[in-house]
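Fit chain B to the known structure of chain A by using the hints.
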Amino acid sequence: MKVALLSESPADEAALRVLVTAVLGHPPHFVTSGLRARGWPNVAQVLPAVIRHLHFNTDTDVLGVVVDADDSVVHTSNHDAPGYFHPNCRMCQLRAVFRQTTKRLPAAHGRNRVLRGVGIAVPAIEAWYLCGRDPQVSEAAWIDGQERGQPPYTRPELKLRVYGTDRPSLPHEIGCALREVARLRTDPRRLENDFPGFAALARDLRHIHTAPGPIPAQPGTAAGVSDPHS
Amino acid sequence: MIASVAFRNFRALRATSVALGPFNIVIGPNGSGKTSLIEVLLRLGELARHATAGAPPVPAADAPASARHHRDAAPEIGFVLASQPGVVVRMIRGADRRRDHVVLDPPDGHLWSEIQPLLADTRGYVLDHAAMARTAPRRGGMHLNSDGGNLAAVLAGMRQRSPASFSALTAEMLRITPEFHSLELAEHADGRVEFGLRLADDGLVPAAEMSQGMLYLLAMLALAFDPNPPRLLCIEDVDRGIHPRMLREVRDALYRLSHPQASGLRRAPVQVIATTHSPYFLDLFREHPEEVILSQKQGRAARFERLSDRPDLPELLREGSLGDMWYSGILGGVPDDA
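If you read the protein sequences in the order shown, they are chains A and B.
Numbering (the numbering used here) for the first sequence: 1 to 230.
Numbering (the numbering used here) for the second sequence: 1 to 338.
Isolated chain B, as found in the complex:
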């Protein structure tokens, strides 16, 4: 699990850090660094899959001032793992200003090879209902693509490789949407698969005709019931397309990943980083404010703050819901007025 991330000169995140837990919901105005946080985590995963850790090219002491300036102004992100609290994994932009490098501080080649697979096991999602509704090649269904575009193939693959997971997913979907009777998959002659939900009165709603909310919900359950989930899962706008009363189900699905023992599962937890703009979704974290990260925008700079670090939070919660407090601006994490 990544315990913290520290930013220097990365877009709006000029100098800030954030502690991460098993489950993290990030709220804040547009342009306050929510997506940047997710991007650097995914970028680290990418580098861990391909790069070796080493020293970045450092301009010599007699290098031109422009090179020294670049070094000082270059973006640098430091990651600390819960299992290695004394080691910082630094991601530094190279002098060519295009390539990123990973550096272990202190250097330790053996440790890097140990943590590389852990850091590499990362997936990020910005789900797209239009992509999810399309048919997908049957073969591409091992893991859900970042836009959910291969949802049909993932469901078909899960049904074949892990029937128990598929049954559990189906049961959960039908519990949440009792108007449906079954989740059905069909494979076409061209090797593409599609899915649909059969109504209790027997009519079939194909994916292409499903509501956006149904597609998002199904994709969320495909992630939650994935028999081989990643170690780190990032997902943007988890509330997208979901009715406010259904948001509890989305939170529960994500908790299934981050706190598997609470669902009676015996597997390693998945660290979850999610973003939302919904006060209703935020309301669901009243009992766990430590899971909420506020990204605060101050001019062109932004910084992160844990909601549970606010000493006045218990008093504020006596006055109203978390979502209302956020919307009001008392908690911060709101846009500047025009």
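In isolation and in its complexed conformation, chain A is listed as follows:
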């Protein structure tokens, strides 16, 4: 399988390569390195162009995209209901961009489309790194905090816990990220359990891996669902 990644930093990309490999059970061929976006909403802005570039100019099978949720609405199973689209949920938005962009593309390089792998790190990828290390950190804890109006931690606090400073250098950030994902890769199911935003990415990747070809319709994500981006 040929995988491209669109991420927000070299540290994120380094960690995602390990996590994608762990989910697939073997290292895929990472066809393009260094596709980068400048955070949200830039990811959603450049995503159509990135998809078209990969579709027409490369033989990439799947594009993995992971963004931080920040303070946005967290994707829940309710959002997967048929016809549902939450305009403030980044998962819903990125899936919609994939649908809208790929549905009009002609076949190229022997495949119909570049397939989708979307993950949302709630509230930031540092929370994933703390999975299994800090039981207080999980997507459920964040949602619970959002509902109570009292977030259990802030993004700077998560960075401090992972990097030991809120101003890590890039090599230090990459080093810490790789150290944590090296721990997580032995059992990515724990990460999937605590962070459904990662589980969604893992599901996308496993589905592509086991059944190459376009992903069949999922509730609320099928092509033609009446959301504002279709």
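No lab work stands behind these hints, which were simulated from the structure alone.
Quick caveat: nothing in here was measured; it's all calculated off a predicted structure.
The C-beta atom is built at its ideal place from N, Cα and C for all residues, glycine as well.
Be aware that a few hints might be false.
[To be verified] One-sided and incomplete, this derived list gives chain A residues near chain B with beta-carbon spacing under 8 Å: (1) R36; (2) R167; (3) S169.
[Unchecked claim] To be clear about the criterion: a stretch of chain B counts as covered by chain A if any three or more of its residues have a C-beta under 8 Å from a C-beta of chain A, and this derived list gives those stretches: (4) 245-258; (5) 281-294; (6) 319-330.
For chain B alone, kept in the frame of chain A given last:
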């Protein structure tokens, strides 16, 4: 550390003040006072090296109106140090309209001699790639000149006096630019030194043939890995010549100076004042908006504002990146349309 600077009648800075932290990135349109801020900090450093603090010549009460007018219209800049919050170091233009004077308010000769060396330990940079690419006399390499013109000598001096710092600088440069294999220095018979970067395939790129970005990056690392950095470092246009994706490395190099503990270093922090016109560089301060100073131009006057003082900043950051918000004009700090 200088905690704040207040301006009166200084060029476009008619009546404004700015609080400073360990790291400060100043953004704003041309002519909005960014360079003026740096100039007065460097001027204070100069005065601290040479001048004694005292009372400026004040026109007598029966002096001509023109002299009294001059006193009222004369530029005055007040500096407050974090360590001496109750004292203002005033820089006042004298009646001859050419010389500046330093006055401590309240007067304290003992304190002045105490803070003089701290204020004097200041360096300012407007790096020039053409100057940096030239060979330099081996002897002039203690500190980087304001245009970076003695970069070769500084590297040679660092290699000799502080091999560990030179090794760390080299390792960092090669990490950032993996196409290179080593940083090399050569001393000529005339006592001048030059540097070059050897490519992984063994070809040598001498400084004169290096890209501007490489030279700026190397100079930035020479500052960041200086074993004897100043207490205050000002640098203009930090993004100059650097690819947007490399700007993170520039920010990290400057953080190494201002927040040494974050890099595992045990030395006093260097207060950094830097300017930029790059929205991409600004994007890197989303987590630390308190480090961003906006200089706002209103007609012929300008004033400073801390980005973190904006109450609507969290909402704005949900809508887009800091750089995009700045470019859009929502944050201010943009030129007037023609």
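(message) Of the numbered hints stated earlier in the document, which are not met by this structure?
(response) none
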